[in-house]
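Asks: Now that you have both chains on their own, put them together as the hints suggest.
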Amino acid sequence: MLRRALLLIALLALLVVCIKPRMLQILFVDREAAAREMNGSPDRLWPLYPRFLEGVRAHTQPGDTIAIIAPGMAWDSGYSYAYYRASYFLTGREVLPLVTPENEKLPQNFRAARYIAAFEMTVRMPAEIVWQGEGGTLLRPVWGAVPPAGRPNPAGGNASPLHPEAQR
Amino acid sequence: MTAALIAILSMTVLGLPITLAVDRRARGPLLVGASFLYGSGAIFLILLAVSVVKLRWTLPEVTLAALAVFCAASILAKQPATGKPQPAARAHVFDVVTLFALTGYALYATLASLWEWDFWAIWGLKARVFLEEGGIDWRFLGSRWNTFAHTDYPLLVPLNFDFVALLNGSWSDRWLGLLCVAWGVGAVLIARGLAARETSPFFASLLGLALASRAVSTFIGLAEGALIAFGGAAVLFVRTALRDDDDAAAWRHGALMLGFAANCKNEGLALLVAVTIAVAAVSWFRVGETSRWRRLATATKLWPAYALAAPWLILRFTHVLPTDIAGGSPFSRLVARLPHVHEILGFLITRLHDPWFWLVILAGILIAPAAARRGERFVFLVTLIQLLFYVVAYLATPNDLHWHVMTSWSRLTAQAALPIAFVVFLMLANSLRGSQDAPHAQARPDQ
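For the record, the sequence lines run as chains A and V. For what it's worth, this note's numbering labels the leading residue of the first sequence as 1, then goes sequentially. For what it's worth, this note's numbering labels the leading residue of the second sequence as 1, then goes sequentially.
Extracted from the complex, chain V is given alone in its bound form (with noise of 0.2 Å):
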C-alpha cells in the first residue's frame, strides 16, 4: 500500500507546477485534482520517452527526468497571472458526505488483489510485461498470441501501474486499485472547483456528492476510471473556455485532458474527435462579430490533444498493432448491419445500464429554461457524438453483436455520464435559484 500510496502523492507533486503552469489562477480542490492527473499523465510520457530511447526502466532514472520536468514546470509557472481571477470554491457541510462516499468507493477498490478479468488480461497484463522488460515489450505487443490483450490500446494506465511497481521495487496487483481512486477523486475535485465557479457553495458541494459516484469506476483495474477522469475534465474545461470568453488557461486545461483521455483507451481517441467537431459545430453557430471561418478555427486551440495523442498512434501504427475493430472490412460489416440499425438500438435501449440515470438526465434538459439548455449545446453535441460513434463501433464490430453489447455498453454509457451529469445538474440548480449563468455565484449567499 505504501507504495501506490507514494505513487500517487508523488504524481500530485509533480503535477502541480505543470497545472500552475497551465493557469496560475488555480486553487483549492480544482488545483488539487488537476495536479494529481497532469502528474498521472506526465509519468506515463516519462516512461513511454525512456522506453522509446531504449533506455531500462530503473526507478532512480524515472526520478531524475520526473525532477527535471518539475523544476521545468515550476519555471514555467513563474509567469504571471493572466484572465479573471478564480475565487477557491468553499467548502460545505454536504462536502463531508461526499468524502464519506469517496471512502466507500476506496474500500471497495482495494478489497482485494486487483480481480477483473480485463485487469489480468489487458491492463495488468501489460504492466506486468512491461515491468519485466524493463520497458515497452514490443515483441510481446507484435505476437500474434497475444492480440487479445488488446495491444494497439494507449499506455498511460499500464505505464502508471508500472510506476508503482518500480516504487514497490516488484510487481503487486493488490493495491493498484488506489490509483483508480486518485483518478476519480481527481475527476470530483475538479468538477467541484468548476461548479464552485458557477453556483453556490450549498448546490456546488451537492454535485460533487452526486458526481461522487458517476467519476468514479466500479471497474476496478481498467482504464474506464481514468477515462473518465481525463476526459470528464477535458468536456468541462473545454466548456468553460466557451463559456467564459475563450479562456485560454481553460483551453490548455481541456486541451491537455483531452490528450491524456487519448492516451486512455481507443473510445479516449473517438472522444477527442468528438471534442473537435463539437467546437468546431458550436464555434460555427455562435452569435459574434468574426467570421464564420475564423469562428471554426477555434477548435484549433486543441492542438495541444493531438500532439499528446500522436506519440503513441504513431508507435503503433510503426509497430503495426492491429485494431480489432478495423480487422477485415469494417465498411462492409457496417453496410451488412445497417438495414438492422432499428433492432440494434433497441437492443441497446433494453440493455442500457442505469436505465434511471439516463431518464432523469431526458427530463431535466426538457424541464430545464430553453436558454439554459441553449447555453449546454457543447456538451449535449459531445455526448450524442460519442454515443454515435459507440453505435457505429457496434455496427462494424467483427466480433458478435450481442456479446460485444453485453460486454461493453455499461462501461462505454459510464464514460459519458460525468459531463452530462454536471451541466444538466447545474441548470436545473442555477434555474431555481433564478439565474442561469452566475459566475462566481458563490460570492452571494444562498437563497
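So here's chain A without its partners, still in its complex pose (with noise of 0.2 Å):
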C-alpha cells in the first residue's frame, strides 16, 4: 500500500516537473507586447544597429571586406555583439574585426578593409562617405592621401586604427 502510495506521488511529481507552465501561459498573455519585446532583445544596447547594417549592406557588394567601429571598442563591452551582428546582417561581405576576444588591436584588418562602418562613432581619416544613416556612416578609405590636419594616418606605422582618429 505505502509503495503504491509512492509510486503515485512520484509519477504524479515526475508529471508536474516535466511540464512547463511557461507554454501553457503563452496562449493567454499579450503576444503582440511579446513580440515586440523579442523582436527588440537582440538590439536593446543599440536599436538603430539593425537598420544601420542593412543600410551598410544596400550599399556594398558581395565579396566587399568590411571593417566595423563601434563604441567602446571592447570585446566585451559591446564590440562582440557588433561583430556578430555584422557577420549576419552583412551576410556575402567579409567583416573583419578590428579588435580581438583578448582587446588586443588589429591595424591589418583596419588596413585591409575595403570599407570602413562607423556606428555612432566619427571616424577623421582621408576617406569617401559612401553613406551616412541610421546613426552611422559607411566609409571608403583613401589611403595615401594627406589626413585632416593635425591627425596621424590611422594605418600608418604603428598608429591605432581606433584611437584618438575614432571617438564617439
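Just so you know, these hints were derived from the structure itself, not from any lab. Take these hints with a grain of salt, some might be off.
[Stated by the list, open to error] Distance windows between CB atoms, simulated:
1) Arg27(V) - Gln25(A): 31 to 41 Å
2) Leu352(V) - Glu104(A): 30 to 40 Å
3) Ile349(V) - Gln61(A): 48 to 58 Å
4) Thr100(A) - Ser170(V): 26 to 36 Å
5) Gln25(A) - Pro80(V): 45 to 55 Å
6) Pro60(V) - Glu32(A): 52 to 62 Å
7) Leu352(V) - Gln61(A): 44 to 54 Å
[What the hints assert, rightly or not] Here are some chain A residues pointing at chain V (derived, C-beta under 10 Å):
8) Met1
9) Ile9
10) Leu14
11) Leu15
12) Cys18
13) Ile19
14) Gln25
15) Ser41
16) Pro42
17) Leu48
18) Val95
19) Asn109
20) Ala127
21) Ile129
22) Val130
23) Gln132
Keep in mind it's a predicted model, so treat the numbers as computed, not measured. For every residue, glycine included, the Cβ atom is placed at its ideal position computed from N, Cα and C.
Replies: Shown next as C-alpha cells:
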C-alpha cells in the first residue's frame, strides 16, 4: 500500500515537474507586446544598429571587405555584439574585426578593409563618405591621401586605427 | 510562414517512404513523427551532397534529388513487413492537452524573428552565408575571423534553414522557429507511439503530455531542438531494440536517428559514442546462450549511425576546421583541473537548471521496483555517460570554466532529459498498473 502510494506520488510529481507552465501561459498573454520585446531583445544595446547594417548592406557588394567600428571598441563591452551582428547582416561580404576577444587591436584588418562601417563614432581619416544614416557612416578609405590637419594617418606606422581618430 | 510550412510538409512526405522502408510496421504517431525527422535528415544529406559535388543549390535541383530519394525509398518500402505486428497508438482525451501545450510552444517559437544570440552568431549566420553562396562556403568556414561561429559544428540545422529559404526564394528568419516546433512534435509523436506499445492509452497519453515540454527546446533557432528530437528518438529506439528481442526495425531506426543526431551538434557525436558504449556494456552483461563476445558485437548494429556521421567528420577534417575544446592542450587543462573536480561538480549541482526535475527523476528511480530498474539499465547508462562526457568537456575547456558552465549547462542537461523522463515515467506507471513489462498493453482495458 505504502509502495503504491509512493509510486503514485512520484508519478504525479514527475508529471508536474515535466510540464513547463510557460508553454501554457503563452496562450493567454499579450502576444503582441511579447513579440515587440522579443524583436528588440537582440539589439537592446543599440536599437538603430540593425537598420544601419541594412544600409551598409545596400551600399556594398558581395565580396567586399568591411571593418566595423562601434562605441567602446572593447570585446566584452559591445564589440563582440557589433561584430557578430554585422557578420549576420552583411553575409556575402567579409566582415573584419578590429579587436580580438583579448582586446588586442588589429590594424592589419583596418588596412585590409575596402569599407569602414562606423556606428555612433566619428572617424577622422582620408576617406570618401559612401553613405550616412541610421546613426552611422560608411566610409571608403583613401589610402595615401593626406589626413586632416593635425591628425595622423590611422594606418600609418604603429598608430592605432581606432584611437584617437575614432571618437564617439 | 508559407515557405516554412511547405518545407515541413515536404520533409514529412519525403520521410514517409523512408520510415516505411526502415520499418514497414510503423503506424500512427510514430509514423508521422519519424517521417518528419527522416525528411529533415534527408534534406540535410541532399544539400550536403549537392554542395560537395560543387553544384549550386537551386530549388528545382533539390526537388529533383528529393524526388529521386522518395522514389528509391518507396521501392524499398514495398517489401513485406517482418517481425511482430505493432498496433497503432489509440488516442486519449489527454492528447488534447498535449496538443494545447505544443500549440503554446508553437506560439512562443514564432513570436518574432529569431532572437537568440547563438542563432544569428552560429546557426542562422551559417545558413544565411551558405544561401548566398549557393552551397557550403568553405572559405567562410576556413577564415580565422569566423571561428566564433563554431565552424566545426555539423550542418543539419543550418541546411534545414536553407531549405526553407530556397522555398521562400530569399532569406527570412521570421518563421524558422516552426522547424523547432516540428522537431519537438516529431519527438513527442515517436515517444507517444513507443509508449503505447508498453502501457495503457491513459498512461501513454499522460507521458506524451509530460514529454511535450521535455522534447522541445526553449532555445529557438539553435540546434538543441533537433538534437533533443533525433537523440531522444535514437535512444528510445535502441532501448526498444534491446528489449524486444533485438527488433531489427528498431535497430535501424535507432542507428539512423543517432546518425542524424551526430549531424546536429558535437554533443550528438558524443551521444553516438555514449550509446555505443552503453549497448556494448548492456549486451556484455546480458544473460543469454551466446558467448559474451558475440553479444558484444550487438553494438555493430549501430554502423549506419557511423556511416551518417562520417561525411561531415571527413569534410571538417579535410578542411581543417578547428574545434575550440580541442584547441591548445586539452589534456593538460584536464589534468590541471582534476584536483578541483569536487568543486566543479559542486558548481554544476548549484547551477543545475530544473533541479526539481532531476530530483524527482532520482526519486522515481529509487522508488521503482528493482526488476523495472534492471530493465532500464541501457537508458540510465547512456544518461550517465553523457553527463560524464559533459564534465570532461568542462574540465578540458579552454574557456573560463564558470562562464562555460553558465552558458551551456542548462542546454546540455535538457539534451539528456527526454529518454530518462520516458523510462522513469513508464517504470512508475507500469508498476502502478501491477505490470513492469506490458507489451501491447493497450489491447487491455485500463485499471
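Asks: Work down the list of hints and note, for each, if the structure agrees.
Replies: Hint check results:
| no. | hint | verdict |
| --- | --- | --- |
| 1 | Arg27(V) - Gln25(A): 31 to 41 Å | 34 Å, holds |
| 2 | Leu352(V) - Glu104(A): 30 to 40 Å | 36 Å, holds |
| 3 | Ile349(V) - Gln61(A): 48 to 58 Å | 53 Å, holds |
| 4 | Thr100(A) - Ser170(V): 26 to 36 Å | 34 Å, holds |
| 5 | Gln25(A) - Pro80(V): 45 to 55 Å | 49 Å, holds |
| 6 | Pro60(V) - Glu32(A): 52 to 62 Å | 39 Å, violated |
| 7 | Leu352(V) - Gln61(A): 44 to 54 Å | 49 Å, holds |
| 8 | Met1 | 12 Å, violated |
| 9 | Ile9 | 8 Å, holds |
| 10 | Leu14 | 5 Å, holds |
| 11 | Leu15 | 5 Å, holds |
| 12 | Cys18 | 4 Å, holds |
| 13 | Ile19 | 5 Å, holds |
| 14 | Gln25 | 7 Å, holds |
| 15 | Ser41 | 5 Å, holds |
| 16 | Pro42 | 5 Å, holds |
| 17 | Leu48 | 17 Å, violated |
| 18 | Val95 | 7 Å, holds |
| 19 | Asn109 | 8 Å, holds |
| 20 | Ala127 | 22 Å, violated |
| 21 | Ile129 | 25 Å, violated |
| 22 | Val130 | 21 Å, violated |
| 23 | Gln132 | 25 Å, violated |
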